[in-house]
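S.K.: Here are the chains, one letter per residue:
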Amino acid sequence: MRKVFVITAREYIAAVRTKAFIVTIVLMPVLMTGGVLAHALLEGQVDTTDRTIAVVDRSGLLAGALVTAAEKRNEEAVYEPKTGKKIQPAYHIKIVPPNNKDPQAQSLELSDLVRRNQIHAFLDIGPDAVFPPQAEAEAEAKEAKEGRVPPNVRIAYHAEGAALDPVRGWLRTAVNDAIRELRLKKADLNPSTVAYVTQTAPVEPMGLVSIDEATGQVRQAQTSTELDVIIMPIIIVMLMFLMITIGATPLINSVIEEKMQRIAEVLLGSVTPFQLMMGKLIGSVGVALTVVSVYVIGGLIAVQRMGLADRVPYELLPWMGAYLVAAILMFGSMFVAIGAACNDLKEAQSLMLPVWIVVCLPLFVWMNVAREPLSSFSTGISLVPFFTPMLMLIRQSMPETIPAWQPWAGLAGVVIMTVILVWLAGRIFRIGILMQGKPPKLGELARWAIRG
Amino acid sequence: MNAVELQDVTKTFGSTVAVDSLSLAVPGGCVYGFIGPNGSGKTTTLRMIMNIYYPDRGSIRVFGEELHGAWTDRIGYLPEERGLYKKMKLGELLRFYGRLKNAANVNAEVDRWLERFDLADWADKKVEALSKGMSQKAQFIAAVVARPQMVILDEPFSGLDPVNVEVLKDAVLDLQTNGTTVIFSTHDMNTAEKMCDYIFMIFKGRKVLDGTLSSIQDQYGDDTIRVRIDGDHSVLRDIPGVSRVNDYGQLQELRTSNGTDTQEILAAVMARARVRHFEVARPSLHDIFVRIAGPEAREVQHA
Chain C
1 MRKVFVITAR
11 EYIAAVRTKA
21 FIVTIVLMPV
31 LMTGGVLAHA
41 LLEGQVDTTD
51 RTIAVVDRSG
61 LLAGALVTAA
71 EKRNEEAVYE
81 PKTGKKIQPA
91 YHIKIVPPNN
101 KDPQAQSLEL
111 SDLVRRNQIH
121 AFLDIGPDAV
131 FPPQAEAEAE
141 AKEAKEGRVP
151 PNVRIAYHAE
161 GAALDPVRGW
171 LRTAVNDAIR
181 ELRLKKADLN
191 PSTVAYVTQT
201 APVEPMGLVS
211 IDEATGQVRQ
221 AQTSTELDVI
231 IMPIIIVMLM
241 FLMITIGATP
251 LINSVIEEKM
261 QRIAEVLLGS
271 VTPFQLMMGK
281 LIGSVGVALT
291 VVSVYVIGGL
301 IAVQRMGLAD
311 RVPYELLPWM
321 GAYLVAAILM
331 FGSMFVAIGA
341 ACNDLKEAQS
351 LMLPVWIVVC
361 LPLFVWMNVA
371 REPLSSFSTG
381 ISLVPFFTPM
391 LMLIRQSMPE
401 TIPAWQPWAG
411 LAGVVIMTVI
421 LVWLAGRIFR
431 IGILMQGKPP
441 KLGELARWAI
451 RG
Chain V
1 MNAVELQDVT
11 KTFGSTVAVD
21 SLSLAVPGGC
31 VYGFIGPNGS
41 GKTTTLRMIM
51 NIYYPDRGSI
61 RVFGEELHGA
71 WTDRIGYLPE
81 ERGLYKKMKL
91 GELLRFYGRL
101 KNAANVNAEV
111 DRWLERFDLA
121 DWADKKVEAL
131 SKGMSQKAQF
141 IAAVVARPQM
151 VILDEPFSGL
161 DPVNVEVLKD
171 AVLDLQTNGT
181 TVIFSTHDMN
191 TAEKMCDYIF
201 MIFKGRKVLD
211 GTLSSIQDQY
221 GDDTIRVRID
231 GDHSVLRDIP
241 GVSRVNDYGQ
251 LQELRTSNGT
261 DTQEILAAVM
271 ARARVRHFEV
281 ARPSLHDIFV
291 RIAGPEAREV
301 QHA
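Protein chains in written order, with the working numbering: chain C, 1 to 452; chain V, 1 to 303.
I should point out that these hints are in silico values taken from the structure, not numbers from a laboratory. Everything numeric in this text was worked out from a predicted model, so none of it was measured. We put the CB at the ideal spot given by N, CA and C, even for glycine. Check the hints yourself; a few may be wrong.
[As the list claims (entries may be wrong)] With the Cβ distance kept under 10 Å, some of the chain C side facing chain V (calculated, not the full set):
1) 7
2) 9
3) 95
4) 257
5) 258
6) 264
7) 265
8) 266
9) 268
10) 271
11) 272
[What the hints assert, rightly or not] If you want the ones that stay clear, here's a sample from chain V, every Cβ over 12 Å from chain C, calculated:
12) 21
13) 29
14) 88
15) 189
16) 207
17) 266
Taking the hints into account, I'd like the entire structure generated from these sequences.
M.R.: Spelled out as structure tokens, the structure:
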């Protein structure tokens, strides 16, 4: 056993002391949260060039309202009120009298203006856009709801990249406001009454009420946002995946290094192949636990600062540790066996693919598991040893209470699977580590594992 | 007591028989040379003694006991193809190897060897910075740092310059003086002749020679004549009683047929050229090696 720890210590120090490790430990969370950060940073970056929108109003009812709405917007939203800095483009409405003899020619003419950047876009409002026949309008609304374009387009926004254009979003609101006002007036209804009548009443998501054990008082339920519910599974999935990447994958490199640099034989003069493999596996568990401690402690401090300390599910931390250790051993042993069987990374990659698919699968299904932790699909898949570390933990982190035996059963399954895989990997490792030449096929690996 | 005893050991890989019913005894405290062509089973045998490979048949006893994992702590091993962790510091690496053997006083021992091999200044440098000769010396230290009772050195001198060969040779002989059994394999017959108490040759998985140098040479008798002559060497061909001429350029080695009188050969050579040197000798180890494993042996086998 002492020899295993000598190997472990070397492996651990070799991994932790590299610059790459420190870079990874810092960079990985940055990369993972990078998308969100980049989005937040870039949100303020808006093209503030003013836009001119030509409006061909064949109904003769809307153009004036649009001009007013644009002016109002230009006054309120374009400049930051405190600094006077321009933060949004101004919209200018240019009314174009409709050419009813040849509407096609007019559309072409306006399109050319857009192409030459003289105007940003043009809006074509049909003659009965404000008051379409009711039956037709209902049918069209139904079509639109089902995601189809109705055959009769009454209001068309023409621009380059029209679908994603923020101008279209603003125009839709402005046009609809104007139409609604006209329709209400025609029906002789008071707009403010209608607004009150159609107002949506919110339904707030709240957690369950519980009793505070210290005071015996009923503790009020906390409001829970969608983010609250989804944030734990995201953290779990990311952290687990990250740990397997940081902890287990370097094993493949280090085994290949030992094999190709002919270090393995020197080591095997002193230790058995199984001791060597176990030493390496335990070393990488140590590396993963180091990283996860850094993140968890850092996370806890951050949460404390934000005053959210009581939202942390502390009871999950031991489970997380146990699953993490098992996951690294389970996947690590597969990587070790593959590394021992191959001569370089390129050869290893094709053998690694199936393992990676297994590692990554929870990334594709975790949403479903988080949404319905009690469904039979979630229960079943979280009891498959390869997926238990991520998916069972997600189910445990959800507000729904899962049967108490399931995490234990999952853990037992993972431990049994780990023991089997480590044992099989040991047999492959012993044969592979001193073997040179053509890499074995999966079938040969299986034969090594079975015959020993 | 014998340090190593092999009884009828056989090892096969797939359909290839790497070692075939090999029996062997290495007396304690001696220097034991393993020779044999590439691929003849040397390394496989050494790996079996190291307990890295398990024999299919037969028994291996080290220091009188059947092999078990822990015994390898008493054996230092320098494999033929060897590597060091490139990113580790030299001193650290050697201490690591020492600890793997459960050695006592690892630090002092590492310092002593680094000093002896003139590597003390390199202890804190990374292995990748070492020259080839230095890293070979480092590998030797790795094999002996745990003060083993026996060292197995697979080609310890290959690729070294003469100065480093001297340094390493002295170190090996010192180990022997201190009672360590040394088994080493080599392709350099000169070294084997000069250093080994016993020589063992393996060819195609079978033992073909085993014993002291002189007992091996005795099997062949004084059948070799070394000649230097002035002028054209081709006159040495077709001398009656000479079965083979080996041309080394400056020196010619003649092998006599059984029962030939060397005086007659001398007369024949003198009749053809001016003789500067004429020596009747036992065959060199090199010559014996080539006779067993060279093209000549193949001719005999095919005939």
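S.K.: Taking the hints in turn, state whether each one holds.
M.R.: Cross-check of the supplied hints:
A hinted interface residue such as residue 7(C) counts as satisfied when its beta carbon comes closer than 10 Å to some beta carbon of chain V; here the least separation is about 7 Å, so the hint holds. Look at residue 9(C): its Cβ gets to within about 8 Å of chain V, closer than 10 Å, so that hint holds up. At about 74 Å, the closest approach between the beta carbon of residue 95(C) and any beta carbon in chain V exceeds 10 Å, and the interface hint on this residue is violated. Annotation: interface hint on residue 257(C) holds; nearest CB of chain V at approximately 8 Å, less than 10 Å.
At a threshold of 10 Å, the smallest CB-CB gap from residue 258(C) to chain V is about 8 Å, leaving the interface hint in force. Among the interface hints, the one on residue 264(C) holds; its C-beta lies about 8 Å from the nearest C-beta in chain V, closer than the 10 Å criterion. Satisfaction of the interface hint for residue 265(C) is found here, the shortest Cβ-Cβ separation to chain V being roughly 4 Å, below the 10 Å cut-off. Nearest Cβ of chain V to the Cβ of residue 266(C): about 6 Å, under the 10 Å cut. The hint holds.
Residue-level restraint check for residue 268(C) holds (minimum Cβ-Cβ distance to chain V is 5 Å; threshold 10 Å). The interface hint given for residue 271(C) is met, as the beta carbon of that residue sits about 6 Å from the closest beta carbon of chain V, less than 10 Å. Of the supplied interface hints, the one on residue 272(C) holds, with its beta-carbon coming within about 5 Å of a beta-carbon of chain V, less than 10 Å. At roughly 23 Å from the closest C-beta of chain C, the C-beta of residue 21(V) stays outside 12 Å, upholding its exclusion from the interface.
Listed as a non-interface residue, residue 29(V) keeps its Cβ farther than 12 Å from every Cβ of chain C; the least gap is roughly 21 Å. Residue-level check failed: residue 88(V) sits 7 Å from the nearest beta carbon of chain C, not beyond 12 Å. The non-interface label for residue 189(V) is consistent with chain C: the shortest C-beta to C-beta separation is roughly 25 Å, beyond 12 Å. With a closest Cβ-Cβ approach of about 24 Å to chain C, residue 207(V) is found to remain outside the 12 Å limit, as its non-interface label requires.
Distance check on residue 266(V): its Cβ is at least 52 Å (rounded) from any Cβ of chain C, clearing the 12 Å threshold; non-interface status holds.
Of the numbered hints stated above, those contradicted by the structure are hints 3 and 14, listed in ascending order.
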